[in-house]
Amino acid sequence: MLDSMRLFPSDPAARAVAAKLYETVRDLPIVSPHGHTDPSWFAVDGAFPNPAALFIQPDHYIFRMLYSQGVSLESLGIPQLDGKQQADPREVWRIFAKHYYLFRGTPTRLWLDYSLSTLFGLTERLTPENADHYYEVVAAALETPEFRPRALFEKFNIEVLATTDSPLDTLEHHKAIRESGWKGRVVPTFRPDPVIDAEFAGFRENIDKLGEITGENIGSFKGYLNALRNRRAFFKQMGATATDHGHLTAQTADLDDAAAEALYQRILSGSSTPEEQKLFQAQMLTEMAGMSVEDGLTMQLHPGSIRNHNKKLYEKFGRDKGADIPGPTEYVRSLKPLLDRYGNDPRLTFILFTLDESTFSRELAPLAGHYPALRLGPPWWFHDSPEGMMRFREQATETAGFYNTVGFNDDTRAFLSIPSRHDVARRIDCAFLGRLVAEHRLDEDEAFEVAKDLTVNLVKKAYKL
Amino acid sequence: MLDSMRLFPSDPAARAVAAKLYETVRDLPIVSPHGHTDPSWFAVDGAFPNPAALFIQPDHYIFRMLYSQGVSLESLGIPQLDGKQQADPREVWRIFAKHYYLFRGTPTRLWLDYSLSTLFGLTERLTPENADHYYEVVAAALETPEFRPRALFEKFNIEVLATTDSPLDTLEHHKAIRESGWKGRVVPTFRPDPVIDAEFAGFRENIDKLGEITGENIGSFKGYLNALRNRRAFFKQMGATATDHGHLTAQTADLDDAAAEALYQRILSGSSTPEEQKLFQAQMLTEMAGMSVEDGLTMQLHPGSIRNHNKKLYEKFGRDKGADIPGPTEYVRSLKPLLDRYGNDPRLTFILFTLDESTFSRELAPLAGHYPALRLGPPWWFHDSPEGMMRFREQATETAGFYNTVGFNDDTRAFLSIPSRHDVARRIDCAFLGRLVAEHRLDEDEAFEVAKDLTVNLVKKAYKL
Amino acid sequence: MLDSMRLFPSDPAARAVAAKLYETVRDLPIVSPHGHTDPSWFAVDGAFPNPAALFIQPDHYIFRMLYSQGVSLESLGIPQLDGKQQADPREVWRIFAKHYYLFRGTPTRLWLDYSLSTLFGLTERLTPENADHYYEVVAAALETPEFRPRALFEKFNIEVLATTDSPLDTLEHHKAIRESGWKGRVVPTFRPDPVIDAEFAGFRENIDKLGEITGENIGSFKGYLNALRNRRAFFKQMGATATDHGHLTAQTADLDDAAAEALYQRILSGSSTPEEQKLFQAQMLTEMAGMSVEDGLTMQLHPGSIRNHNKKLYEKFGRDKGADIPGPTEYVRSLKPLLDRYGNDPRLTFILFTLDESTFSRELAPLAGHYPALRLGPPWWFHDSPEGMMRFREQATETAGFYNTVGFNDDTRAFLSIPSRHDVARRIDCAFLGRLVAEHRLDEDEAFEVAKDLTVNLVKKAYKL
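Residue numbers (this note's numbering), protein chains in the order written: chain A, 1 to 465; chain B, 1 to 465; chain C, 1 to 465.
The shape of chain A in the complex, shown without the other chains (with noise of 0.2 Å):
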């Protein structure tokens, strides 16, 4: 199911430098920064429960494309908001397995052939006559010891697997994990979202337990900011090395601090109106470098996703269901005032995503290659894929470099992905690095280095890992 060679390019030149570039990076420890995998189960490590549970309902590439052609997300066991979810999971099984034709050509059928293959033995092409066999063989095994939380990631040879958190997380499983002598390195990351955009549920209560958290007066925008401190020193010293950011869009702002006092008593209020909050999030980034600048965390935003796009599934499944949906993001002006402020500042890394490619020539690649503070995040979510992964070293490269980039992002809540995830983007990136030695563009021992650094030497230094 696996050949060798997949994912190169199939000219014998280029592919023959590929191969030998992929092999010196092949077998090199997952550096990963940032992804959504839970840390209660390197805290806990108990056994994943079922092969669906593993494999199908955490994961929107899967249910969002069988929801597409007419698979109901109950049939697939997706939990609902009023607490249902009835599917059998070895009835869900024979429903993916059923409709694995759906994925041909995608990445979700590249990762999963990987886990499947590398993980279970399981090397012919999943279909309805041996879904319920492929089902038991991968429950059978979830039930061993090798394919607990903690076996799997040594397996996977996880040098560093970042979570992203809530700002009032406590952070227990990570203390857990600390505390329990493992050696695995398992870190927060510190997302503020919960407490700075005022349309996530909860908002006002978000803001009321951030001052009984850390002590300080929430009821002035100074007090708020110190409250935000606190916790990223809290986080930082669980490990954290750095934060995110999910806004609808890159705007930031730099008001003073009479009008930030008085924006932010409008939030605060509950009767602010969508353009203060908006303007609100704009601060809040601007903020957020500063303290960036001040406690050295590395921070990333990830902008321009439309979130919760399909109503009737939201209000019966919340969020995170397949529903979101990219829309244009504007970088340039948007940027401009927190660069004005901390673009040129040493101490500042500041990693941009995007999910409009439009932008990675002309107007990513361009803010990168010049401003010290920036650097550029690997494809993200819909363009994490081989296609998407090609075009952006083909679209950023000759403007922003190599060395503007930061590696890879596995960016996935579903764990057993991550070794397919990680190749998927090693081939890729010795796929192009082989064009280019092939046509000349590069030398040979340059595009070994290359290699290597985008593999681990990139993310380590960009994260500070």
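No lab work stands behind these hints, which were simulated from the structure alone.
Misleading hints may appear alongside valid ones.
When chains are identical, the list treats them as one kind, so a pair holds in a single copy or across two.
As the list claims (entries may be wrong) - The calculated lysine-lysine pairs, modelled on PhoX-like cross-linking and capped at a C-alpha distance of 25 Å, are:
(1) Lys336 with Lys278
(2) Lys183 with Lys460
(3) Lys464 with Lys236
(4) Lys20 with Lys155
(5) Lys460 with Lys98
(6) Lys464 with Lys452
(7) Lys84 with Lys312
(8) Lys155 with Lys175
(9) Lys464 with Lys98
If you're wondering where the values come from, they're calculated on a predicted model, not measured in any experiment.
Following the hints, position chains B and C against chain A.
Structure of chains B and C alone, referenced to chain A:
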């Protein structure tokens, strides 16, 4: 002139697979679910007048390129609004031959070479030197029975051909075809722009005529909707399986009954503002989706063309004379009102087209890869070309898969180009699949299935043919 | 260091064709119709001062990349507004060599390697170890007669070189060149931004100076237009064949006389709003097109660069220091007023450039593939690169053809990079053509013609050289 390996990757490994795949789809019947051929051709079955009238005068791909390099439309015999059309067809053909080099690297060149070669046995490149000979060969052929519309329809192996028709059309030609005993399947498509777009020439008269034809009271919105329902039923009875909508944007709306009625009255009054006219079009897309849920007609949206951009040409020659230029098009927020209402409804098939390729990976594939009602139409118009088709597959497949796409549309007024356009589409799909197989991203046996699905199965399913 | 097959496809079939095509264009003379070299070089014909002043300090491609990775502009000896510029050139060269790896995969690297190798015989990669040796070789060469500007001009086989000049320029250097008896053809280009863009430094003084130079009454719009007409005539007399316009957007306007006069008075008053200033620039594009119809100067538009984005750098170092960032650019509606007036006029040649690649297939190719007055400029600035050039051909050719494009612009301030830039362009065009031939989309004999047209014929025709 036509190499059997044309349009396949030059890499031997990918080419070999592409060629094998193509062998299995080359001779499949043509299913043409959207286009602009004239139903009277098949009703009357008369001879086409001459080579210029057949190849040049109806084909805006051709005369726009000639015009861009200083050839006047008058000299090409393009019909003028005042009824003039004076050019000698043989002279038009000579001008065309003289400028044939302008089409190097364009799909027009591929289509022309294919038609001249396969239909007329003219296998050398068209040049000023052989122009007269070519004209005579084509002209002579057109007088033979083998070149009558019905004979060509059969020779082209067309299984079904859809035309695009005004909602006020009597469909007399379609009726004549059906009653003629001829077996060719030519079906109408319901395109209601003339009674929905208040800027359409004769809009108010069109509405009145709609009332007359249907006996409905078009003085109220309810009556107007019933009149449309009535016409849709008539079209369906005459073989239609789809509607089509050409709008400036993808904007939709979902007004309550009172607001919709009030808006309709403003539109009827003749003194509506451009904003009201846009809102009415937006509302009508949602109404049309609702009717499609009722009557099962597949719905197509072709947005984003800024029509009649060249004022002087438009004033002299009228619509569709090559001066339509694409603009940026937004889908995610625009379609939300319609999708909130019908996006999850399995009875709706809503096919989206675009002239803005930046939306494929950013908006359209994520939307179609989620909503059960949505499908992606093939590359349209300027993008109906080898590079455009390849970009579509490269940018849409990883998120939407193959199975949220609907096969090929030839979308043409140029009847003789139909086989060549389908041939290009089949070759490019096989080229894309060949690369996936050669890069071990798709199993070869699956590629054979996909090739067939892209050629006939998906189009039949989406258009219910 | 320089493989003879560089930049050609690695596939042997496409490469073989590309190489054959390239053989026929490699040694054709360089026609450089748009760039930013300094005419005083050729008037004075003095030695270039040192390697840093030649290669690094004038080249914002180079110092922006170094700056993005933390190298200060001060350390690179970039001239400051207060007149300071202290770095030792040899030290600057060492810094450059130390960071040469940053340019891997960028066009800068290709240009540098080519120049060092072909001009100075330095065929190993620049490294910190050989930096001093390289510096000495280059410095020594610069003192020889062979490396004087005129000798290099001849060695580079430049047939004609256009500079870009202020409308207030006396063109004394151009005069000196013409009167020197030297045969090299260096021509000015009329770039009136300093008297059209009200935000330009010294705008009001520039207008006054325009009046003084020409003796026209700049107090009225008519007098102002006459002054511009006067300067255009002077430029034309001094050899100019083109104008150039650097605007934030592609907006055009076509006001009536009274409105234009009133707007001009507002602009002159010094209290105009930003909207009025934009409208004035828009109006002036249409005025300039009208003058081009009169005097035959080819018109170029370079829109979409957001200038001086980095506030701190701009305040210390001034314009053109690598902090210009592209933004999204709209053409279709923006150009309509100008095109309504002059788009069908065969006397106008209006060349459009872009920094927004998403417009190539969506807007620019459809516009240029229709309007007789329009042509597409080559990929500009950040997109003047192997991938950028290839995307341009792939995205523009199918709609606009080859013959609505105008060959290559090197657009550079870096004189020594001119041969390398033209070489890259020729290679990429041959690579594209090689693929078309290998995929049987273009006959080989035609490809030879197109290669020559793209290299010299189209540029000479478009720029009337």
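Right, here's what the structure says about each hint:
1. In the homo-oligomer, the alpha carbons of lysine 336 and lysine 278 lie at most 25 Å apart both inside one protomer (16 Å) and across protomers (21 Å), since each shortest distance falls under that limit.
2. When the C-alpha separation of lysine 183 and lysine 460 is checked against a cutoff of 25 Å, the pair qualifies only within one copy, where the shortest distance is 19 Å, while the shortest distance between copies is 57 Å.
3. In this homomeric assembly, lysine 464 and lysine 236 come within 25 Å of each other (Cα to Cα) only inside a single copy, at 12 Å, whereas the closest approach across copies is 59 Å.
4. In this assembly of identical chains, lysine 20 and lysine 155 lie within 25 Å of each other by CA distance solely inside one copy; the values are 24 Å within and 41 Å between copies.
5. In this assembly of identical chains, lysine 460 and lysine 98 lie within 25 Å of each other by CA distance solely across copies; the values are 21 Å between and 41 Å within a copy.
6. Proximity of lysine 464 and lysine 452 under a CA criterion of 25 Å is satisfied intra-copy only: 17 Å inside one chain copy versus 51 Å between copies.
7. Proximity of lysine 84 and lysine 312 under a CA criterion of 25 Å is satisfied intra-copy only: 16 Å inside one chain copy versus 57 Å between copies.
8. Within a single copy, lysine 155 and lysine 175 get their C-alpha atoms as close as 23 Å, which meets the 25 Å cut-off; across copies the closest is 70 Å, which misses it.
9. For the identical chains of this complex, lysine 464 and lysine 98 are inter-copy neighbours only, at 23 Å across copies versus 44 Å inside a copy, given an alpha-carbon limit of 25 Å.
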